[in-house]
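Enquirer: Note that the protein sequences, when read in sequence, are chains C and B.
Read in the numbering used here, the first sequence has 196 at position 196, and its numbers run on one by one without any break.
All you need for the numbering used here is the position in the second sequence, starting with 1, plus 381.
These aren't lab readings, by the way, just hints derived from the structure by calculation.
All values derive from a computational prediction rather than experimental measurement.
Be a bit skeptical, because a hint or two may be false.
What the hints assert, rightly or not - Where chain C lies over chain B, by a calculated footprint (3+ residues, C-beta under 8 Å):
#1 451–458
#2 473–479
Unchecked claim - Estimated spans, in silico, between C-beta atoms of each pair:
#3 E345/C <-> P422/B: 44 to 50 Å
#4 E511/B <-> G38/C: 56 to 62 Å
#5 G38/C <-> G478/B: 31 to 37 Å
#6 P219/C <-> K601/B: 29 to 35 Å
#7 L127/C <-> E684/B: 56 to 62 Å
Don't be surprised by glycine CBs; every beta carbon is placed ideally from N, CA and C.
2 protein chains.
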Amino acid sequence: MREVVVVGVGSTVFGKFPERRPDELGAEAVRRAMDDAGAEPEDIQFAYSANLYGGMVIGQAILRECRITNLEITNVENACAGGATAFRKAWYDIGSGLYDIGLAVGVESITTSSIVGKLIPPAKGDLAGELGMNMVGRWAMAQRRYMEENGVSLQQIAKVAVKNRRNGCLNPYSQYQKEYTIDEVVNSRMICDPITLLQCCPNSDGGAAAILCSADLAPKFKRKPVKVIASVVKSGDYLYRSRSIGFSEMTARSVKEAYEMAGLGPEDIDVCELHDPFSYTELAHYEELGFAKPGEGVRLIEEGVTQIGGKLPVNPSGGLESKGHPVSATGVAQIAELVWQLRGEAGKRQAGNPKVGLAHVLGGEVTELESGACSIHILGR
Amino acid sequence: MREVVVVGVGSTVFGKFPERRPDELGAEAVRRAMDDAGAEPEDIQFAYSANLYGGMVIGQAILRECRITNLEITNVENACAGGATAFRKAWYDIGSGLYDIGLAVGVESITTSSIVGKLIPPAKGDLAGELGMNMVGRWAMAQRRYMEENGVSLQQIAKVAVKNRRNGCLNPYSQYQKEYTIDEVVNSRMICDPITLLQCCPNSDGGAAAILCSADLAPKFKRKPVKVIASVVKSGDYLYRSRSIGFSEMTARSVKEAYEMAGLGPEDIDVCELHDPFSYTELAHYEELGFAKPGEGVRLIEEGVTQIGGKLPVNPSGGLESKGHPVSATGVAQIAELVWQLRGEAGKRQAGNPKVGLAHVLGGEVTELESGACSIHILGR
Chain C
1 MREVVVVGVG STVFGKFPER RPDELGAEAV RRAMDDAGAE PEDIQFAYSA
51 NLYGGMVIGQ AILRECRITN LEITNVENAC AGGATAFRKA WYDIGSGLYD
101 IGLAVGVESI TTSSIVGKLI PPAKGDLAGE LGMNMVGRWA MAQRRYMEEN
151 GVSLQQIAKV AVKNRRNGCL NPYSQYQKEY TIDEVVNSRM ICDPITLLQC
201 CPNSDGGAAA ILCSADLAPK FKRKPVKVIA SVVKSGDYLY RSRSIGFSEM
251 TARSVKEAYE MAGLGPEDID VCELHDPFSY TELAHYEELG FAKPGEGVRL
301 IEEGVTQIGG KLPVNPSGGL ESKGHPVSAT GVAQIAELVW QLRGEAGKRQ
351 AGNPKVGLAH VLGGEVTELE SGACSIHILG R
Chain B
382 MREVVVVGVG STVFGKFPER RPDELGAEAV RRAMDDAGAE PEDIQFAYSA
432 NLYGGMVIGQ AILRECRITN LEITNVENAC AGGATAFRKA WYDIGSGLYD
482 IGLAVGVESI TTSSIVGKLI PPAKGDLAGE LGMNMVGRWA MAQRRYMEEN
532 GVSLQQIAKV AVKNRRNGCL NPYSQYQKEY TIDEVVNSRM ICDPITLLQC
582 CPNSDGGAAA ILCSADLAPK FKRKPVKVIA SVVKSGDYLY RSRSIGFSEM
632 TARSVKEAYE MAGLGPEDID VCELHDPFSY TELAHYEELG FAKPGEGVRL
682 IEEGVTQIGG KLPVNPSGGL ESKGHPVSAT GVAQIAELVW QLRGEAGKRQ
732 AGNPKVGLAH VLGGEVTELE SGACSIHILG R
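With the rest of the complex left out, here is chain C (with noise of 0.2 Å):
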């Protein structure tokens, strides 16, 4: 494997936006990433797009676009690790020699999609969906157990709501910009006991994109390249065949092999941007991710360690939560947020001065009948 880089990333806001197609959010990422680079529509020569909800070949629609055509396009879906997924095929296919220049394009548009107001049916033989089960309601569980096996309160659990909202307040891309206490987060709407809606992250539509090249190539770009160190993307099953339905074993195990391809640990990380649908979910993943021993993760947020300006900041973005969540866009979007944040140009969100930033990105299981996907990227300057 030859060194893979990142030249450009580009995002919309995310949002909700009942005027615009998927295809047009996906073309305005991809143009804001090609012009991030400084990239010319005859430079890519290959593309990864991931959509869940928006029909079929939205990748070959999105580039059409952007006047790019008659090149290899794949259509990948991995749930919300799906965008995560487009990310390493790119990096694949660059690192291994089969292209130089190409891209991945995450796109949502859960607004327009046939799906917005209605309950997915379960499928059949899906038995605990048969019976009412839903995605919150399983998280709710894991989320009780997490609490009850760790001795961690509602309060402190809704601290991490209160760090990604006002993390949120500062990022121009994200959904919210507004600030709550751990009352108002506590006492907002209860969706499914323990969840009260200012621990969820919304239905959001957006779309993000990021110009990988061999690094070699990279003086041809204007940007300073962040380079890829590891790309990891695994299946498994999470929640329900865990040691505990609040531990995600699948995640232990991807980083586990992400921190071997960079030879790296979990003290090397500066910023992380980590998969947090539900705001105990990111003190979970703080365990399984290595940055606190198990049943230790609420001491990084109740000690601030994971705030901007603490020595790990975690989703200086906002995360799902704030910044919102189109699924497939999410895990390309996560990439940016690493890259301006490794190019120290995130703005008021600008998380220290970092050189290692580890994304993390949980995909699937609303069924019983699925298992799930993770992927873990690790970028360094």
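Let chain C serve as the given structure and place chain B on it in line with the hints.
Expert: Same frame as chain C, now just chain B:
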């Protein structure tokens, strides 16, 4: 790139199975391919799964049913070319040395999807769609143009349907096993002038899978390996922006690259599975694939060249028209058919003693906004 071989293939019967989930169909195909190869779950290091309408992380669900988990699984989508895209990705990941043994599976269940019996509404901005244009409408215009430009009659086009439906009668995996006369094809129910019902492929459910490995590992498996000689997936506009709406520039470009990769030409192809969603397309593809000069595709069907027993049997499986067209399964099913043909195991539909086979599939461009995908694979023994 090191040499990659197919050591096992499997398929479900194609048809309409309202009682079977897409992951069940996919798992049956994978188990059949595993049995064919003599492979065990622990042999599989990674997988690609292609699906369009089944929802998220179908690949993970399929493999979990086969007791294959904790590995890298990527769900891909490229409309009708999705299965071929999954196969290409698996080929590349082995050829480039990332993995040694893996699988590609394609599956579709139209019957259980939310689209069955519904019109897919046009996307905002799809002017032609909003005016009532749909897939068969587009192809009807293309067919009309092709007939006009090349002086081809509907009776001649019907001979493709007669051939492929006769072939389907010889294939136990085929959705339809009924012979028709030219008159029956021409006089069947009008769908969109000049396309009658028996010139159309059906809606289908089904799955197909292939096990691939590096050539040096082939002796580990029980079946004689079939080599992957060329693999191409390209995007591009088709129909609309071609020199004629009846000609697929994307196919012509893709097959040129595949022939160069293989060091072969159209004269070297002994058997072919190609994309025949409507009968006339087979004639156009003869020309685009180099089997006939422009405008002379009809001679191959008139002279019996492409029937079983002819010099170049095309769609001995029955093709999309008779075997059926479970969208994302088709590309892998074509590979399975070629493997059976190259091994001499195609039973009553065995197309002589072929040494080299070619698979061709097109996907996309239902709406004005999309561009399509084309895949070519060349296999040999």
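Enquirer: All hints, please: hold or fail.
Expert: Structure-based check of all given hints:
| no. | hint | in the structure |
| --- | --- | --- |
| 1 | 451–458 | holds (count 8) |
| 2 | 473–479 | holds (count 5) |
| 3 | E345/C <-> P422/B: 44 to 50 Å | holds (46 Å) |
| 4 | E511/B <-> G38/C: 56 to 62 Å | violated (38 Å) |
| 5 | G38/C <-> G478/B: 31 to 37 Å | holds (33 Å) |
| 6 | P219/C <-> K601/B: 29 to 35 Å | violated (45 Å) |
| 7 | L127/C <-> E684/B: 56 to 62 Å | holds (58 Å) |
Hint violations for this structure: numbers 4 and 6, all remaining hints satisfied.
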